[in-house]
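From first to last, the protein sequence lines stand for chains A and B. Just so you know, we're using our numbering here: the first sequence kicks off at 85 and counts up by one. Just so you know, we're using our numbering here: the second sequence kicks off at 44 and counts up by one.
Note that these hints are calculated values from the structure, not bench results. Ideal Cβ placement from N, Cα and C applies to all residues, glycine included. Please note that a few of the clues may not be correct.
Said to hold, decoys possible - Ranges of calculated distance between the beta carbons of each label pair, as one might list FRET restraints:
(1) P287(A) with L240(B): 54 to 60 Å
(2) E219(A) with E308(B): 31 to 37 Å
(3) V270(A) with L240(B): 45 to 51 Å
(4) D103(A) with A234(B): 27 to 33 Å
Claimed, not checked - Far from chain B by the CB rule (all over 12 Å, computed), these chain A residues:
(5) V149
(6) T171
(7) L177
(8) G185
(9) V188
(10) P218
(11) E219
(12) E286
(13) R288
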Amino acid sequence: MLAVRVRRCGGRAVLLEVDDAAAVAAVAAAVRDAALPEVRELVPAARTVLVEVAPGAATERVVQVARAADAAAGEAGTGTVHTLPVTYDGEDLALVAETAGLSVDEVVALHSGAEYRVDFCGFAPGFGYLSGLPEPLRQPRLKSSRTAVPAGSVGIADVYSCVYPRRSPGGWRLIGRTDTVLFDPVADPPALFTPGDRVRFEPR
Amino acid sequence: MSALLVVRAGPQALVTDRGRPGHAHLGVPPSGALDGPAYELGNRLVGNDDGAAGLELLGGGLRVRALGGRTVAVTGAPAPVSVDGSPAASHRALHLPDGAELTVGTPVGGLRCYLAVAGGLEVPLALGSRSTDLLSGLGPGPVADGDELPVGPWSGGIPVSGPVPVSLPGAVVGLRVRPGPRDGWFADPRAALAGPLWTVTADGNRIGVRLDGPSPQRLPELRDRELPSEGMVTGAVQVPPHGPPVVFLADRPTTGGYPVIAVVERADLPLLAQAPPGTGVRFTVLR
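All chains, full assembly: derive it from the sequences and hints.
If you want it as structure tokens, here you go:
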């Protein structure tokens, strides 16, 4: 049994709060695999899983399934592995190196040497929060965010790396760019990343 | 082919339907008509299948010409309607002969009118919906002067008739809220919500409505705490660290990092979406 704190979120949703990202993945996988017909939305995030049910439906079964989730299930690497070619020439690359006390080459080696997991998506369609950022690269966001970050920009902030699916405002420190399309509304599925997927960055 | 030719789009005309729920885990907002009952009523009045696409007009101001005769209906905020210059009624089916011009004026109360057309607008689907989502760039762009909006074949449905309800905000809108999920971050959250008379500000949009009033105070020990991003629902009353609450509508982000003190009942949101700036808001806290 996982320790799941249940918080009400209006009349049709519950926010299931757990202790870490692995527990989030385990709860999300358990609810998804249970395929309960009443579930309308299932949104894993940093420490929570939001589950919204159909109008008039109850959330009891969702909570039961979440509590019975197998803690180990979240660790299983069942997601798709994506390899994204990256040109490491981001505007904040020097700042990131300086903050970390490393050379630019060392930053590139660290960032591209790690494997990341898509913990959750949000902020914009197709935007994934990729955990697995090496410790020396964990840095705060920019003091003030940019009004327009180009599509394909690769950034880092806190414990995550990211790729901006489309031109949008953003405050993450930018280290490179990729041509890989992250979100295509006419594709099926439209988003390249889905929670649980693995990501590698390849310098080019 | 049947189509509507947009002679004048007005302040903001967007293609709308029931939206695209079920994609929040990919970061995609639900979108769709903000005044759902008014949108659904329009479809019933013209005999459409559920979910056919129409237009959502912020502040009216639309002029369209029928290319091919069609039945239409204008619902939502009451606004002057005319066909080829002759006054016509809103909230009932109107036949537009080929070449006729329909005008929707500025609403006399409320904000958003809906135009339903028999057969529905047949713009391309994006994730199962034709709704415009300005925030994430899904669906067609805002309707512009000169656009030709294709209309689908009429399904042969029987239009409903008879008197129909119009829901309009008064000077003060009452909204029922349920505390949570982060009401525990605030000192006396029930009193903080139910005590003040809030006011709808002018910087609202399809993402959310910002309210003016005394911001609920966080507990001292949580004053400088960061909340890791978590899933959001439509109707969430989010309280930024500085400033009064925002009530999220259909084009909201799917995750957010500020605590949500309460969630507005789904059935009460259409009235909020129709509330012009300056409208009072009184929260009733359930249970």
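Assertion that P218(A) lies farther than 12 Å from chain B (Cβ): Holds, since 20 Å exceeds 12 Å.
Consistency of beta-carbon spacing, L240(B) to V270(A), with hint 45 to 51 Å: holds, 47 Å
Chain B versus T171(A) - minimum CB to CB distance exceeding 12 Å, so not interface: It holds; T171(A) is separated from chain B by about 24 Å at its closest Cβ, greater than 12 Å.
Beyond 12 Å from every chain B Cβ - status for E219(A): holds, 19 Å
CB-CB spacing for L240(B) and P287(A) relative to the 54 to 60 Å hint: For P287(A) and L240(B) the Cβ distance comes to about 58 Å; the hint holds.
Whether V149(A) stays farther than 12 Å from all C-beta atoms of chain B, as the label says: holds, 16 Å
Distal placement of L177(A) relative to chain B, Cβ over 12 Å: holds, 25 Å
D103(A) versus A234(B) beta-carbon gap, inside 27 to 33 Å or not: Given about 32 Å between the Cβ atoms, the range holds.
Verdict on G185(A) as a residue remote from chain B, using beta-carbon distances over 12 Å: It holds; G185(A) is separated from chain B by about 25 Å at its closest Cβ, greater than 12 Å.
Non-interface claim for V188(A), where every Cβ of chain B lies beyond 12 Å: holds, 29 Å
Range agreement (Cβ of E308(B) with Cβ of E219(A), hint 31 to 37 Å): The hinted range 31 to 37 Å is violated for E219(A) and E308(B), with Cβ atoms some 45 Å apart.
Exclusion check [E286(A) not at the chain B interface, CB over 12 Å]: holds, 24 Å
Hint check: a violation occurs at hint 2 only; the rest are consistent with the structure.
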